[in-house]
Structures are given as structure tokens and as C-alpha cells.
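Hey, can you work out the whole structure from these sequences and the hints?
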Amino acid sequence: MDRKYQHSFLILPFLLWFFFLILGPFCLIILTSFFTRDEFGQVQNIFSLMSYKQLLDPLYFDVFLRTLLLAASSTLLCLFIAYPFAFYLSRLPKHVANRWIALIMIPFWTNFLLRILAFMDVLRFEPFGITLVYTNAGVLLAMLYNYLPFALLPLYSTLEKVDSSILEAAFDLGASKRQIFLKVLWPITRSGVYAAGLLVFIPSLGEFLIPAIVGGGKNFFLGTFLEHQFLTSHNWPLGSAAIVFLVLLACTLLPALKNKTKEALT
Amino acid sequence: MTPNNGLYLENIKKRFVNAKQSQTSIGGVQNITLSIPSGEGFSLLGPSGCGKTTTLRIIGGFDHPDHGKIIHNGKNITFTAPQNRDIRTVFQKYALFPHLSVKENIVFGLRMQKVRNPEVENRAKEITELIEISHLLDRGTHQLSGGEQQRVALARALITEPEILLLDEPLSALDLKLRERMQLELLSLRKKLGSTFIFVTHDQTEAMTISDRIAVMNRGSIEQIGTPEEIYHRPTSRFVASFIGQANFLGQDQLPLITGSTEQLPNISQGKEWMVRPEHITPKKLGSPVNSGFVALEAQVQDIAFLGADRLTKAVDKSGKQYLVKSPGFETPVGQVTEKILLCWETEDTWTVNTNTLS
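Here the protein sequences come in this chain order: A and B. If you're matching positions, the first sequence starts at 140 in our numbering and goes up one per residue. If you're matching positions, the second sequence starts at 3 in our numbering and goes up one per residue.
Since the hints were made in silico from the structure, they are not lab data. Every residue, glycine too, gets a C-beta built ideally from N, C-alpha and C.
Selected chain B positions facing chain A (in silico; Cβ < 10 Å):
{"#": "1", "residue": "Ala-83"}
{"#": "2", "residue": "Val-92"}
{"#": "3", "residue": "Phe-93"}
{"#": "4", "residue": "Gln-94"}
{"#": "5", "residue": "Arg-113"}
{"#": "6", "residue": "Met-114"}
{"#": "7", "residue": "Ala-155"}
Next comes the structure, spelled out in C-alpha cells:
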């Protein structure tokens with residue numbers, strides 16, 4: 140056997156997982172999206188583009204827009220908070236930075252649902268007579284709270300690779316602090332920022348629990364919309380079409396960022 | 003006295019707060035006083051943690067001293083920003099900007115100074131020709147070899163025409179052959195430009211090759227400042243003697259074992275000892291006559307190593323003390339391993355050093 144392939148069998152479990160649990164079900168979803176349903180919610184094996192036409196309805200279009208807006212704003216906010224902090228961490232001695240990272244990670248060892256419910260109590264606190272519970276702002280805050288580490292950790296690993304002497308060299312050569320950031324630090328770490336952004340943006344698109352619990356389900360986001368189609372309205376074809384649309388959306392983003400991300404992760 | 007010309011460091015102190023070792027923190031410096039005239043090649047030499055890099059960073063403006071001041075051409079620059087000093091730094095790992103081409107790296111300083119484009123081009127051309135990297139201009143920095151990166155870093159610093167160039171372990175990342183070539187190139191570059199080069203290095207041969215004067219540092223202080231010859235032949239302390247090359251140390255305890263003109267040996271008081279360089283010792287057959295002006299010591303050969311130009315012999319005297327002898331490689335070895343031989347040297351070649359370091 141070719142020596143290059145002698146360890147090929149090691150990927151067998153992964154292939155099984157990928158084909159049976161990812162690709163297979165996804166094909167079924169694609170198939171379902173082209174079917175229709177009867178009045179009892181049963182999927183009928185009749186080919187139709189009905190669900191996709193329905194998706195174009197302004198009502199659903201709003202859901203997509205709102206979802207995109209939420210995902211984009213939580214991503215930007217996460218990056219905005221995480222980047223300076225990650226930079227600060229990256230300049231600390233390693234053992235000190237590791238302590239900070241532990242502090243960030245420890246809350247994430249508690250159950251996600253528990254964390255959200257606990258966060259609800261934080262949002263209920265009314266110092267100025269306004270409550271953020273069941274508002275879009277509350278949803279955004281909860282997203283921020285949950286997704287910040289996903290931005291922080293990749294940003295930290297990107298920034299940590301930037302040797303301080305590179306920044307000092309720029310300073311020595313006459314760059315102001317602003318110029319050091321714009322001309323040196325940002326161009327070097329930009330790809331890491333894209334990677335971190337993707338890690339927040341893509342899961343944010345499909346986030347279900349936060350809009351459902353913190354938003355009280357008042358406003359449909361893609362996640363809550365899907366749950367509704369599959370479990371309440373029993374419109375599986377429409378839900379499937381929405382998923383296909385979501386995946387396509389994520390896929391169109393990927394190639395544009397793929398190279399940048401690859402740079403950042405290597 | 004503060005000279006108006008060149009760089010002057012007065013009583014520089016810097017402590018680093020270190021939670022674990024509150025006593026002597028690594029890398030700090032104490033009472034550094036130095037005067038480096040314009041155009042000199044100067045090296046800060048010492049083991050890691052001796053404070054040589056800290057001293058360089060203080061000169062460069064990246065660290066500020068807790069105490070003392072730095073005067074450059076009569077101007078106090080102790081707290082001046084690095085970019086406002088007439089001093090540039092070449093960093094240890096070159097610190098090239100990975101996102102910029104070689105050309106953009108080199109002209110970075112001029113761009114920051116908003117120098118007009120035609121002049122940028124002219125000066126880039128000039129410096130890249132001087133440093134012989136004109137063919138690399140369009141490359142990315144990751145396509146360069148270690149030696150090329152080194153040259154680009156040099157060009158990037160020199161294009162701003164600083165009066166003083168600081169080089170932090172400039173050659174440590176290069177392999178031996180390239181290192182030796184770059185040492186000579188740096189030397190001729192400095193002579194051509196007439197600027198001051200201050201090196202930090204832990205490599206004594208490098209320091210001796212590229213500098214007019216060397217400051218040997220140990221535990222945050224300067225042990226000795228002098229020309230390479232002074233430092234090598236007339237070290238003040240045991241530390242300097244053993245850091246620069248190899249050395250044999252003998253105390254009063256060895257005196258009874260020594261024969262020959264012992265009365266001509268310099269006097270050593272408490273806290274002093276004799277130092278003899280290995281190449282000053284001649285191995286001789288046991289029983290050979292000891293000429294006047296020479297001393298000798300009987301020792302047993304332990305090990306012989308042939309190094310090409312030299313032959314290194316390790317021998318032990320009766321008290322169990324080990325000696326290192328360096329003789330020309332073309333001579334046949336005097337004694338075989340376990341054989342007893344005579345170690346001879348001229349009393350003139352016996353130098354007195356302080357047993358302890360000065361600090």
C-alpha cells in the first residue's frame with residue numbers, strides 16, 4: 140500500500156459521522172424543501188417550488204432581515220469588545236493571560252440554558268425603570284454575552300503571534316499609535332478578525348434559544364421561525380427551504396472569506 | 003563630565019518588578035555609566051539576563067530608566083520617544099512587517115516622516131545598493147532567507163540616517179558561515195557610514211570582531227569596558243577572563259606546586275588570583291629544563307582534542323586542579339593520555355584578576 144495512505148482507515152469514524160449524520164440528513168432536508176404538505180401537516184412527495192415562493196413573502200423576508208441584522212450587530216459588537224481585550228491579553232506574560240482566559244472560560248462550563256436563564260435575571264434588573272427582558276436590545280446583549288468568547292479566543296491566538304518588536308519597530312520608525320494600528324497591527328491581524336467574525340456570525344444566524352427565551356419569542360428570528368415551522372405549524376417543506384436558504388447564505392460568505400480564514404488559522 | 007559629542011549614559015538604574023523573585027530581578031541594570039563617542043563600534047557583551055538588552059532598550063527609548071539620564075550630543079533624551087531620537091534599532095528577530103513587501107518595509111520610516119516620493123525612491127535606491135538587496139525589493143518578507151531578512155532590517159533602519167544604530171543580537175539567527183561574513187560586512191558598513199553601532203551580543207568572538215570597545219556585563223552591572231585586546235589580555239575579574247575566551251586560574255594554593263622563576267610572579271593578595279590563557283602554556287616533556295622567566299607545573303594529561311588549527315590538552319595537577327592548554331595543531335602532542343607532562347608559561351603572561359565579580 141502507498142505509505143501516504145497507510146493511515147487512511149483513521150478517518151473512517153469521521154466519514155461515517157459525516158455521511159450518516161450530516162450529509163444524509165441535509166440531503167433529506169433539501170428533498171423535503173421541494174415537497175408539499177397536506178392540511179394535516181404530512182409531507183407529501185409531490186415536487187413543488189411552493190416553499191421557496193413562500194420564503195419570498197415580505198413576512199418571511201422580514202425574519203431573514205432581522206436575523207441578519209441581529210447576527211451582524213452581535214458579530215460587530217463582539218469583535219469591537221474582544222479585539223482590544225485580546226490585544227491586551229496578548230501583551231501579557233503567558234501565564235497571566237492564561238488566568239484571564241480561564242476566567243472567561245469558566246462561566247461556559249455551566250449549562251447554556253442555565254446561563255441564559257440566569258442572564259434573564261440580570262436583564263430584569265431595572266435601575267432606570269426600563270427592562271430589557273423581551274426586547275431586541277436584550278436579545279442582542281444575551282448574544283453578546285454568549286458569543287464573546289468565540290470571538291475572543293481566535294483573536295487572542297492571532298494577536299499573540301504578533302511579536303511586540305514589530306510594533307516597537309513601527310514606533311521606532313516614526314509611526315504614531317494610530318498609524319501603528321492602521322498600518323501594521325490591523326493589516327497583520329485582519330484575517331484573524333474575519334475568522335473570529337465568522338465563528339460568531341454563522342452560529343448567530345441560526346441561534347434559537349436566545350431569541351426564544353430572552354426575546355420571549357415576540358419577534359421571529361430564523362431560529363425561532365424554524366422551530367415554529369417544524370414543531371408548531373408542521374410546515375416541514377417551508378422550514379426545510381429556510382434551512383437550505385440559510386446554508387446557501389453561509390456558503391456565499393465562506394468563499395469570500397476562505398483565504399483570509401485559512402491564513403489566520405495557519 | 004558630560005561630553006557634548008556622542009552618547010553618554012549616567013548612572014542608569016532599572017528594576018523589573020518580579021513577583022516571584024523580589025530580590026534580584028532578571029534583566030534589570032544598576033549604575034550603568036558609559037560614554038560612547040560618535041562613530042564607535044561598541045558591544046554590550048554578557049550572558050543572558052545580565053541586563054545588556056535592557057541597556058540597549060533604554061538607549062533606544064523602549065524602556066525608561068528608574069534613575070539616571072541619557073545624554074546624546076549634549077541633549078538629555080532620557081524620556082524622549084524612540085522616534086524622536088537620532089537612534090534606530092534593529093531588533094533581534096528583525097521584526098520585519100510581514101504584510102509589506104521588502105521595498106515597503108524599507109521605506110516605512112520615510113513614509114511616516116511624509117518624505118516626498120521622488121526622495122523616497124532615491125534614498126531607497128541608495129540604501130538598497132549599499133546593502134546589496136536591490137534584487138529583493140518586490141519580494142514578500144516570508145520569501146527571504148535569514149541573512150536577507152537581516153539586510154532588509156538594516157536597510158529599514160539605516161534609510162532614516164540615524165547617528166546611532168542599535169543592533170540586538172543581530173547575527174544570532176544566522177548560521178556560522180553567514181555570521182562570519184555578516185560580521186565583516188557590518189564592520190565595513192559602519193566605516194562607510196561613519197555612524198555609531200551599538201551591539202548587544204552574548205558571543206565574544208562576534209563582539210571582538212565588530213567592535214572597537216566592549217563592555218562586559220554581569221548581573222546588571224558593567225564588569226569592564228575596554229578594547230577587545232584589553233578585555234582579553236588584561237581582564238579585571240575572573241568573570242571577564244572566563245567569559246572572553248578560556249582561562250586557567252591559580253591561587254596561592256598552587257604556589258607550592260609551581261617551580262621555576264616563581265619570585266617573578268605578580269603578588270596576589272586576598273581576593274585575587276592568577277590567570278593564564280591556555281595558548282600561553284606550552285606542554286613539555288617531564289624533566290625538561292625551565293628557563294629563567296618561566297614557571298612550570300607538573301600535571302597528568304587527561305584528554306587531548308585535535309581541533310585543526312589548535313590542539314586542546316586537559317591536564318590535572320597533584321591537587322586535582324584542571325588546566326587547559328592550547329598548542330598549535332601542527333605540533334605532535336607532547337604526552338599521551340595519563341602521561342605526566344610539564345606545563346610551562348612565561349611569568350609575564352600571568353595576569354592578576356579579582357576572584358569575585360565587582361558587583
